[in-house]
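Undergrad: Each chain, letter by letter, is given below.
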Amino acid sequence: MNTHSLVTTTESVDRAFYFIFGVSAVALLGITVAMIWLVWRYNRRRQPQPLSQKDHNVWLEVTWTIIPTILVMMMFWYGWEGYLSLRRIPDNAMPVTATARMWSWLFTYENGKTSDKLYVPVGQPVKVRLVAEDVLHSFYVPAFRVKRDCVPGMDTYAWFVADKPGSFDLFCAEYCGIAHADMITTVEAVPAAEFAGWLAEKPAVADAGMGLLQKHGCLGCHSLDGSPMVGPTFQGIGGRQVSVVINGAKQSITTDSAYLERAIIKPEVEIVDGFPPAMPSYAGRIPDEELAEIISYLMSLQAGGGQATPEPLPPSAAPAPEAKPAIAAPAPTAAPVEKPTPEDPVARGEALANQYGCLGCHSLDGTRRVGPSFKGLSGAARVIIKDGKEATVTADATYLERAIREPGAEITKDYPPAMPPYPGLSKAEIDALLAWLETLK
Amino acid sequence: MSEEHAHIVPYRTFVVIWVALLILTAVTVAVAQFNLGALNIWVALGIATLKSGLVIAVFMHMKYESLLFKLSLLSALAILAIFIGLNFFDVLYR
Amino acid sequence: MSGHVHKDYTGAKFGMWLFLFTEVLLFGGLFILYSVYLARYPQEFISAGKELNVWFGGGNTLVLLTSSLFVAVSITALRRGAKTLCLNLLGATIACAAIFMINKYFEWSAKIDHGIYPGSAHLKEMLPGEMVFFNLYYLTTGLHGIHVIIGALIIGWAMLLIKRGRVTADDFVILENAGLYWHLVDLIWIFIFPLYYLILH
Amino acid sequence: MSEATPSASGSRGFFGEGHYPDILGWIFSTDHKRIGLLYFWCILAFFIIGVILGLLLRLELFAPGETIMGPQTYNAVFTLHGVIMIFLFIIPGIPAAFGNLIMPIQLGARDVAFPKLNLFSWWLYISGAAMAVTALFTGGGPPDTGWTFYVPFSAQTSTNVSLAAMAVFTLGFSSILTGLNFVTTIHRLRAEGMTWMRIPLFTWSLYATAWIQILATPIIGITVALLFAERMLGTGLFDPSQGGDPIMFQHLFWIYSHPAVYIMILPGMGVVSDIIPVFARKPAFGYKAIVVSSIAIAFAGSLVWAHHMYTSGMSDMAVLVFSFLTFLVAIPSAIKVFNWLATLYQGSILLDPPLLYALSFILLFTIGGLTGLVLGAAATDVHVHDTYFVVGHFHFVMFGGTGMAFFAAMHYWLPKIYGRMYDKVVATVAWGVILVGFLITYISMKVVGMMGMPRRYYDYIPEFTNLNQLATVGSWVLAIGLVLMFANLIHGLFRGAPTGTNPWGGASLEWQVPSPPPTENFDADPVVTHGPYDYKKAGIL
Ligand code: HEA
Ligand code: HEA
Ligand code: CUA
Ligand SMILES: [Cu+2]
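Quick note, the sequences are listed as chains A, B, C and D, same order. Quick note, the first sequence lines up with residues 1 to 441 if you use the numbering used here. Quick note, the second sequence lines up with residues 1 to 94 if you use the numbering used here. Quick note, the third sequence lines up with residues 1 to 201 if you use the numbering used here. Quick note, the fourth sequence lines up with residues 1 to 541 if you use the numbering used here.
Treat the hints loosely; a few may be bogus.
What the hints assert, rightly or not - Distance windows between CB atoms, simulated:
(1) Phe-62/D - Ala-208/A: 37 to 45 angstroms
(2) Ile-246/A - Pro-42/C: 29 to 37 angstroms
(3) Ile-84/B - Ala-347/A: 36 to 44 angstroms
(4) Ile-8/B - Ile-112/C: 20 to 28 angstroms
(5) Pro-42/C - Glu-194/A: 26 to 34 angstroms
(6) Gly-193/D - Ile-8/B: 32 to 40 angstroms
Stated by the list, open to error - Just a sample of chain D residues kept apart from chain B, beta carbon distances all over 10 angstroms, derived:
(7) Phe-28
(8) Val-77
(9) Phe-114
(10) Trp-211
(11) Phe-228
(12) Ile-255
(13) Ala-318
As the list claims (entries may be wrong) - In silico lysine to aspartate or glutamate, DMTMM-like type, Cα no more than 20 angstroms apart, as pairs:
(14) Lys-7/C - Asp-534/D
(15) Lys-288/D - Asp-55/A
(16) Lys-124/C - Glu-65/B
(17) Lys-7/C - Glu-520/D
(18) Lys-70/B - Asp-171/C
(19) Lys-70/B - Glu-23/C
(20) Lys-54/A - Asp-534/D
(21) Lys-537/D - Asp-155/A
Honestly, the hints are just simulated from the structure, not real lab data. Since this is a predicted model, take the numbers as computed values, not measurements. The C-beta atom is built at its ideal place from N, Cα and C for all residues, glycine as well.
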């Protein structure tokens, strides 16, 4: 079969459906009719004594073994062919990354633009790289007959092509917890020109520095969210106190550009205490201007989101009935880390809400989802449960900040304690979110 | 009842098998000192199979049991081998 | 009950063998994982395997093989009427089980002192394949250790029945089955030893 | 149940005998029939809890959004529904209840090979069930993972998955012991003259099933034990951050759980193979083919597990191999269906309730099996995997297949055990209601699944509303039918008219002992002189 022609995934899968359903319908009809006829014809009233005691017939038995065998082999083949066309990605496919996390989708396009709906140009095959941040999810678009699990620690992919404009449902098909059923969005297929316009609309938000970190694979060993990996986290790396071991002696230093450059070029000299000396030297592997860009980017990643006052982050205070965090906090690894920009805080708050997946659980229109709606939330009176007791509080800035950073402490009445804590958000990010919530009154 | 009461295995046989097992253990340790690449694991498994064969046949009297016992054992081991083997259609081609 | 005058020796043994199959497949699950992860992380399995002490593993192999010999001989002894010899051999088997477990205790303690145990900080710094190796090592030898203890208890129970004259030269299927179980414990170890301790030294 | 006064036809059979009075005489009895009845009533109790949970699921899905419960409750309810139905109802179902009741008699044995072990496995079953129930109220609350316990979610959720995993382990152990008991019994305790080719097909199917129980169940044991260790000790064998592979959990899980679906269906096929000849007064057509196909299903069924994982991220090569093997395993099932139909041909058919349930088994299992082919084909499965189409498929095969066979077995054999007959007209009406309700409920699910509605969805988009409502209404019809059937059956067993030794005209051994049978089944060890379906030699024709 020529998979490189303009065959859509839908067409190649449906071929298998038609064949299998067709054969099945005939078989089912035959069996049902035969059964009814036999029961009618040989009913004891009509047939008081059996006509025979025959108990085998080799030819008959061979026949009804061979014919189904042939039929199922054909079914197998149709199924396999269709499957292959789901796996063979057309060369001209446009790459998009779909990040799945509890309980929302984030789509990242080639130019770094992100969205929570999957926008695709009509007629252009799309290759979706599937990434899971916490547990299994599954990328499912019924209209295109594609489904593929998103597996933590593993890249999977799917492809499809929309042959006409429209909005198509996109579901999470692998059970992933309380809001599994809410992890739905749409594929928006728009004409190619319109898509190009949309893609270019806002300038790409991803920083050059961020792109370089990805390009050089730094993020394989350094997290952006504070969690230790093979190497220390990048969170707050600009101007922080670290204890390093130089020639076996411990020493405390404050990170600066010079230190960061040493750490990248001659990593074996100063080893951050508690980490293995695993980092390879990047001497000669990163062009100078890129190195400068990376360093200045890293320096901008200050504790407290760029504000000079390093703010102590509250430890993750998740409700832990079984002595472990209820649910892994979504780690925004793939999401671009924001620099403090003079940008409008409301717009920024909205972008953050998308980026961190808040809208997976909180609606904007007052409808109830896993969590309370954002509509009219700011400043409203809330009935909460704290330490098992009910109380009424006003949703002011302090309350909202607490609700984001340590949601386990106070639970809104009648809602499950399902929200993961986001202790790693910077003050600036919180402020932007609050500013945006304020506008939703 | 005679079928069950046959075959009192003499002490000598057991001791001979035991010595063989010790020798095989020494061999497997010795072979492991050489780097034969992927072959190491297969040699180790081969010797382990041989050893377990001796234990099963003599210590566990399988040698003296009926065909039913032998066939059952074979199918159990075959199923395990199949379980392991079929997994590799995934693991090796991923 | 009139139905039970006839003791079905073959049936009892067959039932025991069926049970042993289930044990083999229980460990089989772990061996499936071992094979898959070995294929994925061959280098890491070798580097992690070097951390295990062949002397502990080898010593325990000898202990188990010898205990297997004792059990096998004890059955012949009982059937030839040498009840005391039989009991002594079974006692020696239990002693072997104890030696095995003591050995294991020291082996595990040494590893744990080095900070290598499931979920430990040190383990988490290792390469992924090494983590898998050690986690598998603890689970497999742990499960095997449980079987050693159960096996010793069963042998002890058989000894009790022999002392009381309930298991005799003519009616020995309980000892036979206890022995089968013990040999299984040995069999599993025959595979664990090369796979974990000898993986390329 | 101990006060169950069986037949008025004189002897109370095994009900009247025993070492202990009252309840102790039951829970410590090693008699296979008492153990069978203990299993039967416990299994039935869990079945009823399970279907009521199913009813609740349907009520919640009557409309989009919250209808009667919140999302967390819903997730716990379908998990519980699945766990109860799979591990407490359908896997032990026919073998532990009817296998224990009937199989030794069909062989001409006085009991199973290891009666004490048999009792022990019932106790394990009860302990496992108790653990599963305890898991609901302790720890972090009822498990919310689905019956498949997929990691990483199951390793992370704060609900009480650990205890549920241990419950599954215990239930698996119970199933193993039943299996090895049955294999040994069939090998060692056949009466004189009971050659392999004279074993009734029901017992043959139990033989094939028992081998799967022995060889596959340990794998689920180790799998849930590893899940337990992952939660308790952080052993991380499936945790990608520790080098583990979540997909390996799925492999291990399905290595057992696919063969388990044949543990569920084979005994059901055995029941049907035994019932049809009796009511058609004709020997089972293709006896040998049915026997061979049972063994073939047991074997080949162990080779197809990864057809549950086509979209999981495993290799395409594995998809190719497992899809191919899956289609092979469909062939022996097809052979059986054709053999059953051929048995009816030229017979003299009496449409009594057991046959009606058996015929509905054929219809519903065929529909379920044919949709299984849609799932077995790689391309089509990608679309319908984890949708209501799968839910429809497995309700057809499990409920429409094994469930119907279980009902057929109840209507066929319980009069033998209790010595009393239910009302056949009511049983027939109930059958009709169940069939109609069933088709409405589950065909709607298949259609909505084809449209793309994912399973385990607490909430759904408005497009799916109509079909969901239809399914819910269907479940009400189904409920009415089930209540009618159980009420009639249970009333009949305790109050119905006495039955004779052979109410249906069967030729296998269980129809030659009194109803209820005495404690050791036979006064003198029987000598078998003809096959199980030889109605001429049995003097029925
Ligand atoms: C009683 C239990 C039972 C039985 C018997 C079966 C039987 C079959 N099942 Fe099913 N299955 C389940 C219980 C069962 N299944 C369950 C519980 C699940 C879901 C688990 C979960 O995820 O929760 C499942 C899921 C499931 C999947 C995974 C779906 C997915 O998640 O994407 C697949 C895929 O291949 C599958 C295939 C089959 C096939 C090919 C058969 C075959 O054996 C069917 C063979 C029968 C026939 C083919 C019909 C009779 C034949 C004829 C009438 C003759 C005419 C036929 C021809 C022309 C061939 N099943
Ligand atoms: C044999 C197995 C079996 C049976 C019989 C049933 C029976 C039913 N199941 Fe089943 N179901 C499963 C096994 C089974 N289920 C499994 C394994 C799952 C997967 C779980 C998972 O995803 O993990 C599942 C999932 C499942 C779902 C999908 C949930 C989801 O994915 O979100 C749904 C939804 O409708 C459902 C509905 C039903 C219904 C309506 C019935 C109906 O048949 C119920 C009809 C009966 C009644 C309505 C009640 C009648 C009342 C009585 C009988 C009382 C009688 C009382 C006396 C006589 C005293 N089930
Ligand atoms: Cu994400 Cu379901
Ligand atoms: Cu399956």
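Undergrad: Out of the numbered hints, which ones does the structure contradict?
TA: Structure breaks hints 1, 3, 4, 5, 10, 12, 13, 14, 16, 18 and 21.
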